[in-house]
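**Q** Can you make the complete structure from the sequences, with help from the hints?
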Amino acid sequence: MTRIHKQESSLIESRFMWASILVLAVISGLLFRLWYVQIYRGDYYKDVSERNRVRRIEIPAPRGIIYDRHGEVVLGNSPFFDLVFIPQYVQDRDTTFKILARLLHVAPSRFEGRLEMAQGQPKFLPITLKRNMTQHEVSVIEANKIFLPGIEVRVSPRRDYGPDVPPHLIGYLREIDPKAMDDLNQQNPENPYLLGDLVGKQGIEFRWEEYLRGRRGYRLIQVDAFGRQSESFEENGWQYPSVGAVPGSDLELTIDKELQKAAKDAFAGKNGAVVVLNPQNGEILAALSEPGFDPRAMQTGLSGEDWRQLMENPFKPLLDKTTGGEFPPGSVYKPVIAMAALEEHVIDTNKTYHCPGYFTLGNRRFYCHERRGHGTVNLLTAMMKSCDVFFYQVGVELGVDRIARYAKAFGLGQSLNTKLNMERPGLIPTSAWKMLVHRFPWVAGDTPNVSIGQGYNLMTPMQMASLYASIANGGKVLRPYLVNRVTNHVGETVFEHQPEMIKKLTEVSPETFQIVRNTLMAVVMDPKGTGKNANVPGATVAGKTGSVQVVSLKKNRNQADVSMNWKEHAMFAAFSPVENAEIAVAIVSQNDTVGGGGRSAAPVAGKIIAAYWRLKREKEALAATNKDSLPLDKKPEAEAHIHENKAKTF
Amino acid sequence: MRTKRKHSDGVFLLPEGDLKKPSSPQVTMLCLLFVGLLGIGLINLYSASVGAGFFWAQTRNLIVTLSSFLLFGWIISIKSVAAYTYWFVALICLLLMIVLFSGRIAGGSQRWISLGPIGFQPSEFAKLATALLMARFFSSNRQDSPYRLRDLLPLLAVLAIIFSLIFAQPDFGTAGMCILIAICQFAFIRIDLRSIGVVLLALPFVAAVLWNTLLMPYQKLRVLNLLNPNLDPQNTGYHALQSLIAVGSGGLFGKGFMQGTQAHLRFLPERHTDFIFSVFSEEHGFWGSVLVFTAFGLLTYIALDIARHCKDTFTGLLAIGVGALLFLEFSINIAMVMGIFPVVGIPLPFFSFGSSAMLTVCVSMGLLITINRNNSGVRKS
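Taken in order, these protein sequences are the chains called A and B.
Numbering follows numbering that gives the first Met the number 0, with no gaps: position 359 of the first sequence is 358.
Numbering follows numbering that gives the first Met the number 0, with no gaps: position 197 of the second sequence is 196.
It should be emphasised that the hints constitute simulated quantities derived from the structure, not laboratory data.
In this text the structure is predicted, and so the values were computed from the model without any measurement.
For every residue, glycine included, the Cβ atom is placed at its ideal position computed from N, Cα and C.
Check the hints yourself; a few may be wrong.
Going by beta-carbon spacing under 7 Å, a handful of chain B positions derived as facing chain A [unchecked claim]:
hint: 1; residue: SER248
hint: 2; residue: PHE292
hint: 3; residue: LEU303
hint: 4; residue: ARG307
hint: 5; residue: ILE339
Calculated cross-link-like contacts (lysine to any residue; reagent style SDA-like; alpha-carbon spacing at most 20 Å) [to be verified]:
hint: 6; chain 1: A; residue 1: LYS45; chain 2: B; residue 2: LYS310
hint: 7; chain 1: A; residue 1: LYS45; chain 2: B; residue 2: TRP286
hint: 8; chain 1: B; residue 1: LYS310; chain 2: A; residue 2: GLU12
hint: 9; chain 1: B; residue 1: LYS254; chain 2: A; residue 2: LYS97
hint: 10; chain 1: B; residue 1: LYS310; chain 2: A; residue 2: PHE15
hint: 11; chain 1: A; residue 1: LYS129; chain 2: A; residue 2: SER108
hint: 12; chain 1: B; residue 1: LYS254; chain 2: A; residue 2: GLY41
hint: 13; chain 1: A; residue 1: LYS129; chain 2: A; residue 2: ASN184
hint: 14; chain 1: A; residue 1: LYS527; chain 2: B; residue 2: GLY287
hint: 15; chain 1: A; residue 1: LYS527; chain 2: A; residue 2: HIS353
hint: 16; chain 1: B; residue 1: LYS254; chain 2: A; residue 2: TYR43
hint: 17; chain 1: A; residue 1: LYS531; chain 2: A; residue 2: HIS488
hint: 18; chain 1: A; residue 1: LYS97; chain 2: A; residue 2: PRO107
hint: 19; chain 1: A; residue 1: LYS200; chain 2: A; residue 2: ARG218
hint: 20; chain 1: B; residue 1: LYS254; chain 2: A; residue 2: ARG40
Between beta-carbon pairs, the in silico distance windows are [unchecked claim]:
hint: 21; chain 1: A; residue 1: ILE58; chain 2: B; residue 2: LEU290; range: 43 to 49 Å
hint: 22; chain 1: B; residue 1: VAL289; chain 2: A; residue 2: GLU141; range: 49 to 55 Å
hint: 23; chain 1: B; residue 1: VAL63; chain 2: A; residue 2: VAL137; range: 53 to 59 Å
hint: 24; chain 1: A; residue 1: TRP17; chain 2: B; residue 2: PHE252; range: 45 to 51 Å
hint: 25; chain 1: B; residue 1: VAL289; chain 2: A; residue 2: TRP17; range: 22 to 28 Å
hint: 26; chain 1: B; residue 1: ALA159; chain 2: A; residue 2: ARG40; range: 41 to 47 Å
**A** Following this line, the structure appears as structure tokens:
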């Protein structure tokens, strides 16, 4: 009995031992797990718990407003409503999307696509599902909010594009590219971009992005698992900090909004570019490139079809032709020849040539645009009637290199560096250039074409305007600029443009300038001048027409249009008044269907100049009647803050 | 117990002479542990119940709980307990049936009975009933040879009834717990090996049948979530994941009393019951948690020690059963909180809110004390 008892007792004892071991093992296991979670991975969980409870609500900053020179809003902001989705708080994604799809009449797949784009983001960051909802859509969503957890309507300030916003000048906004974003944020870590931010592309929005974007603010709130703000954790009144958004700085442009509109109306139906400068300081008063595009569409994203149409349009809507389009200047170039010839004493004001309608050089004939010939012409009549033969003769006597020297003195053949959009330098050929590029020496037969502004010559419309501005102001090559002043959100001036003279010509004397100005005046104001359509009653205007033939220019770089359209380009450049000019205009109308420089381009310039004078007189009249208020064509002083009298800021 | 025995009866065939002298510091230890854990649990509940009234409810229950502890520890004799066991078990079964048909639904399952302002969970008491049942059965049906399946049939039948009644609520956790307690007690019985073999063979089939027919989808998901809490963080894995975050963010020293953010900000929806330890761990960190682990470990060891020195089957098995109850509740709950066990509704003794659970625990502690006093010779007839 005892033995059995002893056996059994030892059996029992062993079970107790096993039990103790088991208990010990379990507790050790739990301890190990505890250590693993709390110590080994403790920091990770701590981090997650922080993210659980603190939410950061971004306060978007409104972009700076863009004003014209008189304080009129060129581009401002308005509140836009976006539909956002916060993954953390959405329980049943599919159902939510189905409901949304039904409410908004779109396919759920669109939302799926947006989700995929934001794959790697933390779950509490909102993803934009639909931008710019209508009032109706907003109310529909809000009414059904109870069925849509995690879906919110967020208001943010967005650009409000009117119909008259010049797209190339102002530019447009697009969502930031994630890769570019990383680079940008590395350069500027204090004010980082977030995915979904809109950044400027092209034009002012792009060049002045840094000033215009402002700085977003944020609010930190503590939330519970339902995303509700919790009040229970504020000791001694300590609250989570919040930082207000800093609106972007405002830009004051040199553009005159009404003049720009007048230019657009005058240029309606044409393709090409218009540039209006102030010859005294280089201000760009208006700049236009047609055809343009809709900045709104660029911002929301174009369909593949639309994009392709834009890219394949031979008139290149996306290109800013004011600085990015190179054209052979045609007869508009003739004043350069004239000035070179006068300075080199190849001609004087009385020297005449005979134009029978053609010019013979070696065994080639170069024809005048007037086949019957102009007869005997001097400088004045040759310019007035745009006689090619006169200039062929003069040009050949000068030689291409001397012509080039004077052209380059005016800053042609190189970029004016206006720092807006892409700028082409144009081309002023020299014999050395030809040798370098074409591996062939300059032949005499190349020169006549150069003398009438064709052949290898290329200029941008901005260069044309600048050239005529230099003629008008007596030899100062000024850098054209667009932005006068930048003021930040508290009204301080953070940037002010100083007029910049690229160079002062010494090659051409004031007398020569005077002579040329007079001949150019005759072009417009003499009833026999080719530019008579640019005449403005009550004002003096000087200018030059140009008609550039497209077909015969095979070696020209401007190849794209040749096969498509065989019409001439119509050109016109002018300034007014003739002495102490206030405005210089360059018009380039590509493949004009109406006619040449005189018939088609000159009237445009005339309308623009007329508009300028009309506007000026109107403002003077207004100022005269309101003697107490500030004259409107002067820049407002810093105290009378530029924002004060203008509505529609956000 | 119709025949008188000279020495210990039933399974613990320890002759009288071989009795080791049990030490009475165990009672002191038990009391200390009781007070200590109860205290910590209450304080912790205070933090966890900010914004809700659980703490106060628990303190109101203190009267009942403390008095039951004292009652069972010093006043009610173990013999009385043994005598009324079967009645008690029957009562529990009845209550469980009532719950099934007219119980209050809370938290997705029907577990509660309300008697006016008082609500209680019969399933919690069922655990105690299981322990008592086992102890009583084996002390009444002693045999010298190993028990075979047919010997155990009545017992198994009742166990099955209890299990099913609880399982149908549906309360997988508590039902499983009862079975586990029974298994722990079985471990100290000599059972015929062939019977064990039969059961083991049948087990996979039973499990498969259960999985496919009786387990509800959310319960299946809970098991699956064990493997990967990130599977469905918004729904079923939510508690587990949030709990892990809470525990992990506690670090070495915790965030400080009342400073736990996960729980306070309602990231832990079940913070006052099943996930109460997350709150504690987040606030007191590693060292606090280790302290609690130690306390429970000590408690279990004491229970085992008491069981070893028991002179009769009933007290011995009961001590094991009670020890198993406390230890299993503790370890499963902790494992759940730390994400290494599926989420089942097992409360943490002393910490979780709930009058029934608390009462069960207090009665259990009381029983341990009375068993120990019995062992050390202070007998009351």
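**Q** Next item in the hint list is B:SER248. Is there a CB on chain A closer than 7 Å to its CB?
**A** holds, 4 Å
**Q** Do the beta carbons of B:VAL289 and A:TRP17 sit within 22 to 28 Å of each other?
**A** holds, 25 Å
**Q** Can the restraint linking A:LYS200 and A:ARG218 be considered satisfied, given a maximum Cα separation of 20 Å?
**A** violated, 29 Å
**Q** Take a quick look at whether A:LYS531 and A:HIS488 sit within 20 Å of each other, Cα to Cα.
**A** violated, 48 Å
**Q** Does the interface hint hold: is B:ARG307 within less than 7 Å of chain A, judged Cβ to Cβ?
**A** Hint holds; B:ARG307 Cβ to chain A Cβ min 5 Å, cut 7 Å.
**Q** Keeping to a limit of 20 Å between CA atoms, is the pair of A:LYS527 and A:HIS353 held or broken?
**A** holds, 18 Å
**Q** Has the hinted range 43 to 49 Å been met by the Cβ atoms of A:ILE58 and B:LEU290?
**A** Once the Cβ atoms are compared, 46 Å apart, the range 43 to 49 Å for B:LEU290 and A:ILE58 holds.
**Q** Between B:LYS310 and A:PHE15, is the straight-line Cα distance small enough, at 20 Å or below?
**A** holds, 15 Å
**Q** Is 41 to 47 Å right for how far apart the beta carbons of B:ALA159 and A:ARG40 are?
**A** Check passed, 42 Å falls within 41 to 47 Å.
**Q** For A:LYS129 and A:SER108, compute the direct alpha-carbon distance and say whether it is at most 20 Å.
**A** holds, 13 Å
**Q** Straight-line Cα separation of A:LYS97 and A:PRO107 no greater than 20 Å?
**A** holds, 6 Å
**Q** Interface hint check: B:PHE292, Cβ to nearest Cβ on chain A, cutoff 7 Å. Holds or violated?
**A** Interface hint status for B:PHE292: holds (6 Å vs cutoff 7 Å).
When held up to the earlier numbered hints, the structure conflicts with 6, 9, 13, 14, 17, 19, 24 and fits the remainder.
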